Amino acid sequence: MRLFLCEKPSQGRDIAKVLGATRRGDGCLIGADSLVTWCIGHLLETAPPEAYDAQYKSWSLDHLPIIPVQWRVEVKPKTAAQFKIIKRLLSGASSVVIATDADREGEMIARELLELCRYRGPVQRLWLSALNEASIRKALSSLKSGHETFPLYHSALSRSRADWLIGMNLSRLFTLL
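Here our numbering is used: position 25 in the sequence shown is 1452, and no number is missing along the way.
Read the hints as simulated data drawn from the structure, not as lab findings.
If you're wondering where the values come from, they're calculated on a predicted model, not measured in any experiment.
Be aware that one or more of the hints could be misleading.
Unchecked claim - Calculated cross-link-like contacts (lysine to any residue; reagent style SDA-like; alpha-carbon spacing at most 20 angstroms):
1) Lys-1484 <-> Arg-1499
2) Lys-1444 <-> Ser-1562
3) Lys-1514 <-> Leu-1600
4) Lys-1514 <-> Lys-1565
5) Lys-1444 <-> Ile-1457
6) Lys-1503 <-> Pro-1476
7) Lys-1484 <-> Leu-1600
8) Lys-1435 <-> Gly-1454
9) Lys-1503 <-> Glu-1477
10) Lys-1565 <-> Gly-1447
11) Lys-1503 <-> Pro-1475
12) Lys-1503 <-> Gly-1454
13) Lys-1444 <-> Lys-1565
14) Lys-1484 <-> Ile-1494
15) Lys-1444 <-> Gly-1454
16) Lys-1435 <-> Gly-1452
17) Lys-1514 <-> Pro-1549
Said to hold, decoys possible - Computed Cβ-Cβ distance ranges for the label pairs, DEER-style:
18) Ser-1598 <-> Ala-1557: 32 to 42 angstroms
19) Arg-1450 <-> Asp-1489: 53 to 63 angstroms
20) His-1574 <-> Gly-1452: 25 to 35 angstroms
21) Gly-1447 <-> Leu-1604: 53 to 63 angstroms
22) Glu-1560 <-> Trp-1486: 47 to 57 angstroms
Glycine residues also receive a C-beta, built at the ideal position from the N, C-alpha and C atoms.
Sequences and hints are given; from them, build the entire structure.
See below:
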């Protein structure tokens, strides 16, 4: 079964309608050969410093700068139920179509999930800027290879990690000073 991974429920409903995936499931819409699910925006977030080492719970100049050797993400508590649904759906998917927003943030939302859930199957990208039926049909007829948009993920990841490094370290530094 092909799984469409959308960024938000409204986007999922629009795409599911065009695909004929009209049967409601738990956190998804089901069609003859496709499932459509959604992320509710960012389901994951970069782990806080104390997730890397308990010593970072207390703020100290001696700990700075904090630079993770291996980056981690955590499931946001308020979206944990939808994460579990997506993880289950990914485990049974024959292929995935990333249908999040057509930008680097949308790419990161989907790719972080695929990575955390260890999905290793084929990936395609639905690239559209409008959610009307004609735009969705046109985009469905010309799905991009997942490799084509993968660099957007790296771009978003770089920005996210830079924001974390600067934010976490400078917030602590200036607070302590």
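Now for the hints, and whether the structure bears them out:
Taking the CA atoms of Lys-1484 and Arg-1499, the gap is about 16 angstroms. The hint holds against a cut of 20 angstroms. For the suggested pair Lys-1444 and Ser-1562, the alpha carbons sit about 13 angstroms apart, so the restraint of at most 20 angstroms is met. With a C-alpha separation of about 38 angstroms, the suggested pair Lys-1514 and Leu-1600 falls outside the 20 angstroms cut-off, and the hint is violated. Simply put, Lys-1514 and Lys-1565 have alpha-carbon atoms about 29 angstroms apart, too far for the 20 angstroms limit, and the pair is violated.
For the given pair, Lys-1444 sits about 10 angstroms from Ile-1457 by alpha-carbon distance, which is consistent with the 20 angstroms threshold. Pair hint Lys-1503 plus Pro-1476 holds up; C-alpha atoms about 15 angstroms apart against a cutoff of 20 angstroms. Taking the CA atoms of Lys-1484 and Leu-1600, the gap is about 14 angstroms. The hint holds against a cut of 20 angstroms. Taking the CA atoms of Lys-1435 and Gly-1454, the gap is about 11 angstroms. The hint holds against a cut of 20 angstroms.
Distance restraint check for Lys-1503 and Glu-1477: the Cα-Cα separation of roughly 16 angstroms lies within the 20 angstroms cut-off, and the hinted pair is therefore satisfied. A distance of roughly 15 angstroms separates the Cα atoms of Lys-1565 and Gly-1447; the hinted pair therefore holds under the 20 angstroms criterion. In summary, the hint linking Lys-1503 to Pro-1475 is supported, as the alpha carbons are separated by about 12 angstroms, within the 20 angstroms threshold. Between Lys-1503 and Gly-1454, the direct Cα distance comes to roughly 16 angstroms. Compliance with the 20 angstroms bound is thereby established for this hinted pair.
About 14 angstroms separates the Cα atoms of Lys-1444 and Lys-1565, which keeps this hinted pair within 20 angstroms; it holds. Of the supplied pair hints, the one linking Lys-1484 and Ile-1494 holds, its CA atoms being roughly 15 angstroms apart against a limit of 20 angstroms. At most 20 angstroms may separate the alpha-carbon atoms for a hinted pair to count; Lys-1444 and Gly-1454 meet this at roughly 15 angstroms. Under the criterion of a C-alpha separation no larger than 20 angstroms, the hint pairing Lys-1435 with Gly-1452 is consistent with the structure, at around 16 angstroms.
Between Lys-1514 and Pro-1549 the CA atoms are separated by roughly 16 angstroms; this keeps the pair inside 20 angstroms, and the hint holds. The hinted range of 32 to 42 angstroms is satisfied by Ser-1598 and Ala-1557, whose Cβ atoms lie roughly 39 angstroms apart. With their beta carbons about 57 angstroms apart, Arg-1450 and Asp-1489 fall inside the hinted range of 53 to 63 angstroms. At about 30 angstroms, the CB distance of His-1574 to Gly-1452 agrees with the hint of 25 to 35 angstroms.
A beta carbon spacing of about 60 angstroms between Gly-1447 and Leu-1604 agrees with the range 53 to 63 angstroms that was offered as a hint. Range check, Glu-1560 to Trp-1486: Cβ separation about 53 angstroms, and the 47 to 57 angstroms hint holds.
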